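Heads up: the protein sequence lines correspond to chains A and B, in order. Take -2 as the starting number for the first sequence in the working numbering and just add one per residue. Take 12 as the starting number for the second sequence in the working numbering and just add one per residue.
Honestly, the hints are just simulated from the structure, not real lab data. Bear in mind that the values here come from a model prediction, so they are computed numbers and not experimental data. Each hint should be verified, as a subset may be incorrect.
As the list claims (entries may be wrong) - Here are the simulated DSSO-like pairs of lysine-lysine, each with C-alpha atoms no more than 30 Å apart in a straight line: (1) A:K53 to B:K55; (2) A:K46 to B:K55; (3) B:K26 to A:K74.
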Amino acid sequence: GDSVTQMEGPVTLSEEAFLTINCTYTATGYPSLFWYVQYPGEGLQLLLKATKADDKGSNKGFEATYRKETTSFHLEKGSVQVSDSAVYFCALKGRTGGFKTIFGAGTRLFVKA
Amino acid sequence: EAGVAQSPRYKIIEKRQSVAFWCNPISGHATLYWYQQILGQGPKLLIQFQNNGVVDDSQLPKDRFSAERLKGVDSTLKIQPAKLEDSAVYLCASSLEWGAEAFFGQGTRLTVV
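In isolation and in its complexed conformation, chain A is listed as follows:
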């Protein structure tokens, strides 16, 4: 079945460092891909999405590109801030999965001042 694998955390960075969180997926066909963020004590929020190959999703300085050839959707940010400290979830939604959102295990990010 469909699945998502993302890099284990926690990831600890200093403020203004470059961030990459790796995400790869397994799915039949062409799923939509998402990054969700969960700040401490809050619910899941959609951070960005891409619905077809080579699309780039972007929001709040974060970017991710849908790479079908490598089945990847890595999250990047050029300069992280303390306020970016959260748990980041990669997810997919596809026809073969009945359009339910399937999540990776999450990657916790700590940003130090």
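Dock chain B against chain A, hints included.
Chain B in isolation, oriented as in the chain A frame:
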């Protein structure tokens, strides 16, 4: 626009007791999801409704979990009797239609002692 509302935010019960969670989706959203998020893991879909019909309940432990969505709007998720391993955050989400972007509530944190 109001988001997905869930209550209660927190619940502590003893094992073998019963508990119920309530969810009010975004107005007009036909699809409603219940997810279970165990600490350190990504959310796992328990059940998906399309209006008041069940689309997918393949991962719902039906011997103890039940859910309903009367009138295709609000939904309740019940656990009876609870086990220690049911301790988790229960997330409700809704989307405009099957396959569209899902919006999440803040969740109910359940602790079974």
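Taking the hints in turn, this is what the structure says about them:
no.: 1; hint: A:K53 to B:K55; in the structure: 26 Å, holds
no.: 2; hint: A:K46 to B:K55; in the structure: 19 Å, holds
no.: 3; hint: B:K26 to A:K74; in the structure: 44 Å, violated
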